[in-house]
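J.: Turn these sequences into a full structure, and let the hints guide you.
Chains as they are written, first to last, in this note's numbering: chain R, 1 to 280; chain H, 1001 to 1280; chain A, 2001 to 2309; chain G, 3001 to 3309.
No lab work stands behind these hints: they were computed from the structure. For clarity, every value in this text was computed on a predicted model and none was experimentally measured. Ideal placement from N, C-alpha and C gives every residue a C-beta, glycine not left out. A few of these clues could be false.
Beta-carbon label-pair distances, calculated as ranges [to be verified]:
1) H/Gly1257 <-> R/Ala16: 49 to 57 angstroms
2) R/Asp176 <-> A/Glu2251: 40 to 48 angstroms
3) G/Asp3298 <-> H/Ala1016: 29 to 37 angstroms
4) R/Lys223 <-> G/Glu3032: 32 to 40 angstroms
5) A/Arg2174 <-> H/Ala1023: 40 to 48 angstroms
6) R/Ala16 <-> H/Pro1123: 53 to 61 angstroms
7) A/Arg2174 <-> R/Lys189: 50 to 58 angstroms
8) G/Arg3206 <-> A/Arg2174: 21 to 29 angstroms
9) R/Ser256 <-> A/Pro2306: 40 to 48 angstroms
10) A/Ala2034 <-> G/Asp3298: 34 to 42 angstroms
11) R/Gly93 <-> G/Gln3235: 38 to 46 angstroms
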Amino acid sequence: MTNSNPPAPSRPLRVAAEVLENAVEGPGNHRLVLAIPGWPGAEPGQFVMLSPGGSSEAERTDPLLPRPMAVYRGHAAARGGRAEVEFLLKVTGRGTRLLADLAPGQSIRLVGPLGSAFAPVVPGKRAILVGGGTGIASLYELASRGAADAEVHVILGARSEGDLMGVDDFEALEVDCHITTEDGSRGRKGRVTDALAELLEAPGPPAELFACGPTPMMHACAKIAQEQRLECQVSLENNMACGFGVCLGCAVPVHSGGYSLVCRAGPVYPADQVVWEGLP
Amino acid sequence: MTNSNPPAPSRPLRVAAEVLENAVEGPGNHRLVLAIPGWPGAEPGQFVMLSPGGSSEAERTDPLLPRPMAVYRGHAAARGGRAEVEFLLKVTGRGTRLLADLAPGQSIRLVGPLGSAFAPVVPGKRAILVGGGTGIASLYELASRGAADAEVHVILGARSEGDLMGVDDFEALEVDCHITTEDGSRGRKGRVTDALAELLEAPGPPAELFACGPTPMMHACAKIAQEQRLECQVSLENNMACGFGVCLGCAVPVHSGGYSLVCRAGPVYPADQVVWEGLP
Amino acid sequence: MTESVDTRVDLGGIALRNPVLTASGTFGYGTEFAPFMDLAALGGFVAKSLTLEPRSGNPPPRIAETPSGMLNAISIENIGVEAFLNERLPELPGDVVVIASCFGTDPGNYAELAERLSESPRVAGIEINASCPHVKSGGIEFGQDPRLLGELVERVRGVTSKPLLVKLSPNVTRIDDMARVCEASGADGICLINAVQAMEVDVESRRPVLSNVLGGLSGPAIRPIALRMVWQAAQAVSIPICGVGGIFTPEDAVKFMLCGATAVQVGTANYLNPAVGREVAEGIAAYAARHGFPRVADLTGALRLPGAP
Amino acid sequence: MTESVDTRVDLGGIALRNPVLTASGTFGYGTEFAPFMDLAALGGFVAKSLTLEPRSGNPPPRIAETPSGMLNAISIENIGVEAFLNERLPELPGDVVVIASCFGTDPGNYAELAERLSESPRVAGIEINASCPHVKSGGIEFGQDPRLLGELVERVRGVTSKPLLVKLSPNVTRIDDMARVCEASGADGICLINAVQAMEVDVESRRPVLSNVLGGLSGPAIRPIALRMVWQAAQAVSIPICGVGGIFTPEDAVKFMLCGATAVQVGTANYLNPAVGREVAEGIAAYAARHGFPRVADLTGALRLPGAP
Ligand SMILES: Cc1cc2nc3c(=O)[nH]c(=O)nc-3n(C[C@H](O)[C@H](O)[C@H](O)COP(=O)(O)OP(=O)(O)OC[C@H]3O[C@@H](n4cnc5c(N)ncnc54)[C@H](O)[C@@H]3O)c2cc1C
Ligand SMILES: Cc1cc2nc3c(=O)[nH]c(=O)nc-3n(C[C@H](O)[C@H](O)[C@H](O)COP(=O)(O)OP(=O)(O)OC[C@H]3O[C@@H](n4cnc5c(N)ncnc54)[C@H](O)[C@@H]3O)c2cc1C
Ligand SMILES: Cc1cc2nc3c(=O)[nH]c(=O)nc-3n(C[C@H](O)[C@H](O)[C@H](O)COP(=O)(O)O)c2cc1C
Ligand SMILES: Cc1cc2nc3c(=O)[nH]c(=O)nc-3n(C[C@H](O)[C@H](O)[C@H](O)COP(=O)(O)O)c2cc1C
Ligand code: FES
Ligand code: FES
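T.: Spelled out as structure tokens, the structure:
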């Protein structure tokens, strides 16, 4: 049960990016557009590390660590030969608060692209993409690129309508979109896994899963995939200090023995490689 | 040789102030206008402590300490019953950089008014006000209020033209203004003490001095006052952590024995009370 | 909801209306804070450390800023015990709980001070400062040598029946050993930590920024160190612990209580926000209410260790 | 101007082209940084601490953020000495100075490791990690007990003629005593400090944030503590000192050199800026040039004490 290999990762860079736009998208979500000099492009599922301080600002050492953010959408080189790259971020603490406060024209330190990518959708299969909360951001490029090759279904879920991200963008793609919220404020009331179970019951070509979201949700998707013997790739959201494999802070236990680094071997894993039991 | 007593200080408050304006004034100087709810007014020479973080921003603990800033100019209650208070600040490090970056509408934590005030000018005397660098900001209210009662001369000095603050405001008052810069880029080339010595040679009523600026400059003014047996009040710019007399961090040695707290007994002292030798 | 929470705690025989004290050296003699808050909103406060005679401290510069912290080398500048008893204590409202902090150069000084302070009914308890990180003799030596510390505590214990707290230095290899010595020598509680010995240099002048060269580091930077030491001390002794070090918010205080502290002291934060003590006290009660603890005292030691449910 | 400054230093027999190393555990095995900078721009680097056998470390969570700092409890996860020698070292360009760090549970382990490492001509020096703050046995015990430390250093000294550095723990009462023991036991230099033992709690779950409960605090928060310890150690010994702890900028590094360090190690800063080591090295040279020091080695100990001109 192995997927086709993910594409070879680009060499990451460390660079000061310029904020082009930073727009509020519903309560607590922001769409951040950066101009990144020398950006080599990213594969679906890859991420960058963003330093909340900004780089033009006087040096402040708190909060200290950069924050991992999925590359939501890349655009062809546009202004001044620099790539434009889009991020969707949810304000969950101090770091993301500061990222949300960045104004156009300010600059910010970035390292990336980092991590492994989703293996591409397999033509002829039903690709089911399941995104929960901030995990939604990791799936857009996959949905967008996959739509040409396969039947793509997307399930986007969050606690409440205001926590959803990027729904309009997904709906503008040629894919089948399902929305769930735990409080029923938008789409179907319930969890993404409820919608997933239903979708899997419908007749169609064999399904493969691509999931990104909080660990308990990834675990739930992995279980469904195991029960139904489906290929399933999950993308994990662990705490990270470096993002490029040297602090060893982002470890996750794997069946092949010991720990794997989510920032380097991951964030995307075949779901059956991860030892789910006891994960925080 | 005692001056008339300074007015009794107002009870300080701790409050979130709103930024009304924050305009660049020459390279590295900013004019910050705050709306302060419940502001009791300040006497010439008093200051506030401003917390660089802003209060709406996510809590950051670096830089940690609030910064002392002289009340430059108070306005009668204007918008919404809150007092408008003006500050002139020079960007010298991380804290002032963050203060300079505050945008209108943001809020900032403030404690004040704090410290002792200049004793008022004595009618019939020549009041000579000497301000160096950021010290200029402490003298405007004194010049403005004193102009009605006495012959007021103001000497404002800085390293270079761009470092001068508030010159136009002083020139708009009914006072005699002298400008010095060390590089001669504006006004007379040299130090404020050169201009002071010259002014003191000119005939006129007995002079009294009011000085604010870096410690070496205060020491130089104190020496001139002692030699010529003039009353002299100096305002000191020590490092401060609290501003209201509890950290004991701002101590300056005094002739009456031990140390005096610049934030509480000062920042204004009769020049002959301070033990100048060996001060950093 | 918050109103229904019982906020009272007992710190080694000192009855506090809530678990928040303000720390010695950061709250003056109390009256300095009257413009900013009702002092009775605090559990109480620890006054600036006192010596037998007034003391004038180190020459400037005495303070510096560091990442998320500050350095100080004040060196126990204080008005002396007599002025404290005769001039400052009477100015304080009767419902304010005052703990006096003692500093000396030998056990005899400390005992004499404690004896004098014990005569005042306004002194609710005595804190031995065995840990000032930047005074050349006294203080830290006691806090770093278990034998000296034991002698000191026993000596002071012998002269006072007031609740006796010992403030420990973090500049030791094993804080649990120091805590055990205090318990065995008759202390009613321990407070930790004092500032961490540290240093800062100005690269332009190439000089230490403090006239004293060494100073004490305080503020949020040291909070994780303080929390660790409180947890280690709580494993070692059964007398109550007062947690100190970098507490700025109610959540910070709750962390110390979960790790085993009965009460906390707020220090450096008072300089930034003179009403922080009250805000922390209110926030702890709100936390207790939100998490279903009928008494804030139930937070003490309520940490769930890995593997525990 | 900068070009004319001689940046070379000698760290206990290790010839470095500039005084900036990167710290063990923060620079992987070196190759991870190749996309971001020419590794030869550094004085050298200290590889992740090695054990005789590969080791897989603590379960997650292993890291947390604190004010101006981070906590970690990785527990010396590493590929083992053989994989290091056979797979990683050969990948590194020949002009990169590599220092190997050893970790063990008894002096025998350490000596065996050092012996094996000494066989490689690519290992420029050996650093004994006597100070890991969160491994349950080994490491920190050696760094906290002068007798054990002395035994350990003597034992390793006996098996290697490579330059031998000892990395000290800050979790001690007197760092000067530990420095003296290293000197007396034959170390060629000492590195300090390792992370400070610390703890963090999540108030919502009421659990320690690290699976290991205790962790090591690193980053700018600890810099003033590290600087103090380097200064105290420099007063105590005449072997060279490598300053570590919270160095993020060239000015930070200069502070350590002024206090007596011959070289420095940059740690946590690598995570935020993988090219920081090169930037610090360039900045030190620029500082030396600006302040009229023909050799950066002249910065070592150039602190002006109060009273001095
Ligand atoms: C590969 C990857 C891709 C991600 N993509 C996105 C995205 O596109 N959009 C988005 O909004 N969020 C994304 N996240 C989650 C995002 O990184 C966290 O929400 C963010 O780091 C929280 O920082 P904070 O300061 O706001 O919160 P705080 O809780 O204050 O952060 C405290 C500490 O915890 C860490 N932390 C807390 N939560 C997380 C988390 N879920 N994952 C990683 N570290 C955490 C932070 O790095 C920090 O060190 C992604 C995470 C990963 C690992
Ligand atoms: C009573 C008083 C009134 C003042 N009025 C004004 C004013 O009206 N306008 C103005 O521009 N400046 C004024 N200053 C000086 C101003 O407070 C400092 O320039 C400012 O604190 C520097 O902070 P920073 O973070 O930018 O610099 P940094 O050098 O990065 O600050 C580092 C530390 O040093 C302290 N510090 C550095 N320089 C000074 C200094 N000169 N005085 C006090 N603390 C210092 C800071 O508080 C901080 O803790 C006044 C100072 C005092 C004491
Ligand atoms: C300026 C200053 C002066 C202090 N003076 C004393 C003192 O006199 N006695 C004492 O026991 N602790 C003193 N301390 C230590 C504090 O009480 C407290 O233990 C330490 O600062 C850690 O707490 P914090 O991080 O909340 O400030 C002082 C701290 C500071 C910052
Ligand atoms: C995630 C992490 C892992 C570390 N691993 C090691 C190690 O394996 N061996 C070692 O001697 N020090 C290790 N350290 C300590 C660092 O080398 C350094 O001594 C410490 O972090 C202080 O420096 P800094 O503040 O610049 O990071 C580690 C530090 C961190 C943050
Ligand atoms: S985040 Fe540092 S190794 Fe993965
Ligand atoms: S600044 Fe704290 S006492 Fe003066």
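J.: None of the hints should be skipped; say for each whether it holds.
T.: Results of checking the hints against the structure:
Checked against the given bound of 49 to 57 angstroms, the beta carbons of H/Gly1257 and R/Ala16, roughly 55 angstroms apart, stay inside it. At roughly 44 angstroms, the beta-carbon separation of R/Asp176 and A/Glu2251 lies within the given 40 to 48 angstroms, and the hint holds. Judged by the Cβ atoms, the range 29 to 37 angstroms given for G/Asp3298 and H/Ala1016 is violated: they are separated by roughly 50 angstroms. Our hint of 32 to 40 angstroms for R/Lys223 and G/Glu3032 holds, since their Cβ atoms are close to 34 angstroms apart.
Checked against the hint of 40 to 48 angstroms, the C-beta distance between A/Arg2174 and H/Ala1023 comes to roughly 57 angstroms, which is inconsistent with it. For R/Ala16 paired with H/Pro1123, a C-beta distance near 59 angstroms keeps the hint of 53 to 61 angstroms intact. Our hint of 50 to 58 angstroms for A/Arg2174 and R/Lys189 holds, since their Cβ atoms are close to 56 angstroms apart. Between G/Arg3206 and A/Arg2174 the CB atoms are about 27 angstroms apart, so this pair conforms to the stated range of 21 to 29 angstroms.
In this structure, R/Ser256 and A/Pro2306 break the distance hint of 40 to 48 angstroms, their C-beta atoms being roughly 24 angstroms apart. Under the hint 34 to 42 angstroms, the C-beta atoms of A/Ala2034 and G/Asp3298, about 54 angstroms apart, miss the expected range. About 43 angstroms separates the C-beta atoms of R/Gly93 and G/Gln3235, a value consistent with the hinted range of 38 to 46 angstroms.
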